[in-house]
Amino acid sequence: MRLLAQHQPFQHFIARLYGVLVDDAAEDARVSAAMLSGAIAVGVMHPLVAEIDDEALRSQLRRITRRLVGARDWADPTEVG
1 MRLLAQHQPF
11 QHFIARLYGV
21 LVDDAAEDAR
31 VSAAMLSGAI
41 AVGVMHPLVA
51 EIDDEALRSQ
61 LRRITRRLVG
71 ARDWADPTEV
81 G
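In full-length UniProt numbering, the protein residues as written are 1 to 81.
The hints are simulated quantities; they were obtained by calculation from the structure and are not laboratory data.
Hints may contain errors.
[Unchecked claim] Between beta-carbon pairs, the in silico distance windows are:
| # | residue 1 | residue 2 | range |
| --- | --- | --- | --- |
| 1 | E51 | A15 | 33 to 39 Å |
| 2 | R58 | A26 | 28 to 34 Å |
| 3 | H12 | E51 | 32 to 38 Å |
| 4 | A39 | H12 | 20 to 26 Å |
Glycine included, C-beta positions come from ideal geometry on N, C-alpha and C.
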């Protein structure tokens with residue numbers, strides 16, 4: 001991870017990405033965005049999910065991410081937000 005943290009093209013990409021996601025907001029918004037992206041990054045490569053097929057994992061990631069950020073799942077009208 002330290003290698004990526006020091007890699008200038010990656011730093012530039014992340015700065016642009018977070019600029020779009022949090023619009024250069026306050027520290028707590030930036031920390032939240034960093035924590036969420038870290039959770040997703042680790043979640044997709046964790047050994048516990050190695051045997052889950054890609055589409056099922058993608059679906060679960062979307063559902064859980066929406067829950068973490070407090071967004072309603074508009075694709076599923078039965079889900080309580």
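Here is what the structure says about each hint:
1. E51 <-> A15: 33 to 39 Å: 35 Å, holds
2. R58 <-> A26: 28 to 34 Å: Given a distance of about 31 Å, which is inside 28 to 34 Å, the answer is holds.
3. H12 <-> E51: 32 to 38 Å: The hinted range 32 to 38 Å holds for H12 and E51, with Cβ atoms some 35 Å apart.
4. A39 <-> H12: 20 to 26 Å: 23 Å, holds
In summary, the structure agrees with every hint in the numbered list given earlier.
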